[in-house]
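Undergrad: Let the hints inform the model, and build the full structure from the sequences given.
Residue numbering for the sequence shown follows the numbering used here, beginning at 1 and increasing consecutively.
Worth flagging that the hints you see were computed from the coordinates, not collected in a lab.
Being a predicted model, the structure only gives us computed values, none of them experimental.
In this text, a Cβ means the ideal position worked out from N, Cα and C, and glycines have one as well.
Any given hint might turn out to be false.
[What the hints assert, rightly or not] Pairwise CB distance ranges, derived in the manner of DEER restraints:
{"no.": "1", "residue 1": "T51", "residue 2": "Y120", "range": "17 to 25 Å"}
{"no.": "2", "residue 1": "G102", "residue 2": "G69", "range": "48 to 56 Å"}
{"no.": "3", "residue 1": "V46", "residue 2": "R106", "range": "17 to 25 Å"}
{"no.": "4", "residue 1": "A96", "residue 2": "L66", "range": "33 to 41 Å"}
{"no.": "5", "residue 1": "A30", "residue 2": "Y120", "range": "19 to 27 Å"}
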Amino acid sequence: QVFIYSSGGAGVVEDMPFVLANAAATASGALWPLFSPLIGGLGAFVAGSNTVSNMMFAQFQFLTGLQIGVDPLWTVAEQAVGGAAGNTICVHNVVAACAVAGLFGREGEILRITLFLFLYYVIMAGILGMLLG
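TA: Here's what the structure looks like:
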């Protein structure tokens, strides 16, 4: 909530998503669609949920897309795709899956394996975003 509603009241200070979108657009330019799924994935990893990742970063992704001249719906869609991938490396999901499968004590091993799958997924999504967006 603090991140999303961080403006200084009465428009005195820009909110965090807007400032970060400016920085991302300046730093990456037209290459932003390559990084967009990674942000979604890292958000899901930290928050533990694709929904929360989307709530936190959708405005940021939308504003970044606008600033670089890409259809912002593509950057928001890539956010959601990356968030779905991020669930594969979300610690509580890995622990729950290991518990159900009877893989006690192997959470670190499973997380290392799924990390490679996560990276492949977000890299491919980023490339597709560049080609289609």
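Undergrad: Evaluate each hint against the coordinates.
TA: Evaluation of the provided hints:
1. T51 with Y120: 17 to 25 Å: Given about 23 Å between the Cβ atoms, the range holds.
2. G102 with G69: 48 to 56 Å: 51 Å, holds
3. V46 with R106: 17 to 25 Å: 23 Å, holds
4. A96 with L66: 33 to 41 Å: 38 Å, holds
5. A30 with Y120: 19 to 27 Å: 23 Å, holds
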